[in-house]
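K.L.:
Residue numbers (the numbering used here), protein chains in the order written: chain A, 3 to 182; chain B, 117 to 342.
Derived by calculation from the structure, the hints in this document are not laboratory data.
Careful, some of the hints might be misleading.
As the list claims (entries may be wrong) - Distance condition first, Cα-Cα at most 27 angstroms in a straight line; then the derived DSSO-like pairs of lysine-lysine:
hint, chain 1, residue 1, chain 2, residue 2
1, B, LYS188, A, LYS172
2, B, LYS188, A, LYS127
3, B, LYS286, A, LYS152
4, A, LYS172, B, LYS286
5, B, LYS292, A, LYS152
6, B, LYS311, A, LYS152
The lines below spell out each chain.
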Amino acid sequence: MTKKIPLSLQDSLFVGFCATLLVALTGMLRLKLGLSGHSMFLMSFFYLICYGVLGRFGSMTACGVIAGIVAMALGVGKGGPMILLKFALPAIAMDLVALLLPLSMNLHWRCVILGIAGCIAWAGKVALTNVLAGMALDVVLIQWGLSVLKGGFFATLGAWLVPPVLTRLKAHDLLHRDKF
Amino acid sequence: MWASCRRLRALRHWSYERRETALCALSLLLVCVLSACAFVLPTYLLLPLAGLNGLLVIHGLLRRGSIWGVLKLGLVQLSITLSLYLILYGVEHLAQGAVVVARIILATIPGWWLCITAAPERIGEVLSAFLPTKWAFVVAASLSLLPYMADEIREIYQIQCLRGARITPKALRNPKNWSELVYCVLFPVLIQLLKLSRQMAVAAQSRHFGIAQRPTHWHSPRDKND
Chain A
3 MTKKIPLSLQ
13 DSLFVGFCAT
23 LLVALTGMLR
33 LKLGLSGHSM
43 FLMSFFYLIC
53 YGVLGRFGSM
63 TACGVIAGIV
73 AMALGVGKGG
83 PMILLKFALP
93 AIAMDLVALL
103 LPLSMNLHWR
113 CVILGIAGCI
123 AWAGKVALTN
133 VLAGMALDVV
143 LIQWGLSVLK
153 GGFFATLGAW
163 LVPPVLTRLK
173 AHDLLHRDKF
Chain B
117 MWASCRRLRA
127 LRHWSYERRE
137 TALCALSLLL
147 VCVLSACAFV
157 LPTYLLLPLA
167 GLNGLLVIHG
177 LLRRGSIWGV
187 LKLGLVQLSI
197 TLSLYLILYG
207 VEHLAQGAVV
217 VARIILATIP
227 GWWLCITAAP
237 ERIGEVLSAF
247 LPTKWAFVVA
257 ASLSLLPYMA
267 DEIREIYQIQ
277 CLRGARITPK
287 ALRNPKNWSE
297 LVYCVLFPVL
307 IQLLKLSRQM
317 AVAAQSRHFG
327 IAQRPTHWHS
337 PRDKND
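Excised from the complex, chain A in its bound form:
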């Protein structure tokens, strides 16, 4: 992963579209499923697609922050400014962990590790809200553990789908990278 900070307008627009699609699909799935933690499936999928397609430090964070702003504007999460944290925290965690992971590692495993890191941060936001609201620490920890379990399952599923999609995009000559 190269560490050039400024993204071109085309890359920024791609990140923005991915973020909007993530928010729209999250809203639709919430209506259909009503399951807690399923948003991690789409979150890990789209963040890792941005990571794979752009291959730059900060691409996942940009996607997360824009998703938070779009969700706030569209009222998807009904959380107001807190929804920004819900989308941004996992993205920041995934970007930071991506810096630590060796590029020689298998892409499948890298994606799964990043997905789980994002899930832990996502559950951390839930725990932070509960702590701020004055919830007992035992209850906060149990709810955090349940969130990690449920979100981790969906995040791993989403992460597992990313490498084949990236390979297909590469086969269609839509990526400008030689190696993931």
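Once you've looked at the hints, dock chain B against the given chain A.
P.N.:
Same frame as chain A, but now just chain B:
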């Protein structure tokens, strides 16, 4: 005389636009303050805060907003938290659990109200004061292209169903077919997004996007009719 008339009209138009943007910025600030108050205020001040939130709910309902989503969130949170408090601490601490859930709902209501009362393009304009111009443009473009993206997804889904892909609601009851949904719908959508972002970037740059120091913002004429 005609020139002064035109100048007066332009000034009135400009002040209307400024008022709309300032109102949106104030709403955003109010939402942040009220959400923070829900967590920070002591318990005895929660009742006045609930009164303020009640006014926001009434205003939101008058603007034809649906409160059902917030109510559902509150009920789910209440049932999980109260059952955990009951198991861990017994009946005497149930009220404490209820206060915690009340704080979470009070933090949620202002966000719901903002989404009903503020237009997305106004929020985009307010955000452009904090975000770099490029990212404010990206957010505004993404929001305005959402209906187009929804149409694209629907079209791709219907075409893939006609081709015989196992992605109909009935077929998707089987988890084995879920991966087909990704390859038949999400993959073509990603290709479309890559193409769309390239086209939009070329269109914007050919119109000298990013060159002017102080970019202008679009104000829809329909705002004035609302």
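K.L.:
What are the numbers of the hints that this structure violates, sorted from low to high?
P.N.:
Result: hints 1, 4 and 6 break, sorted rising.
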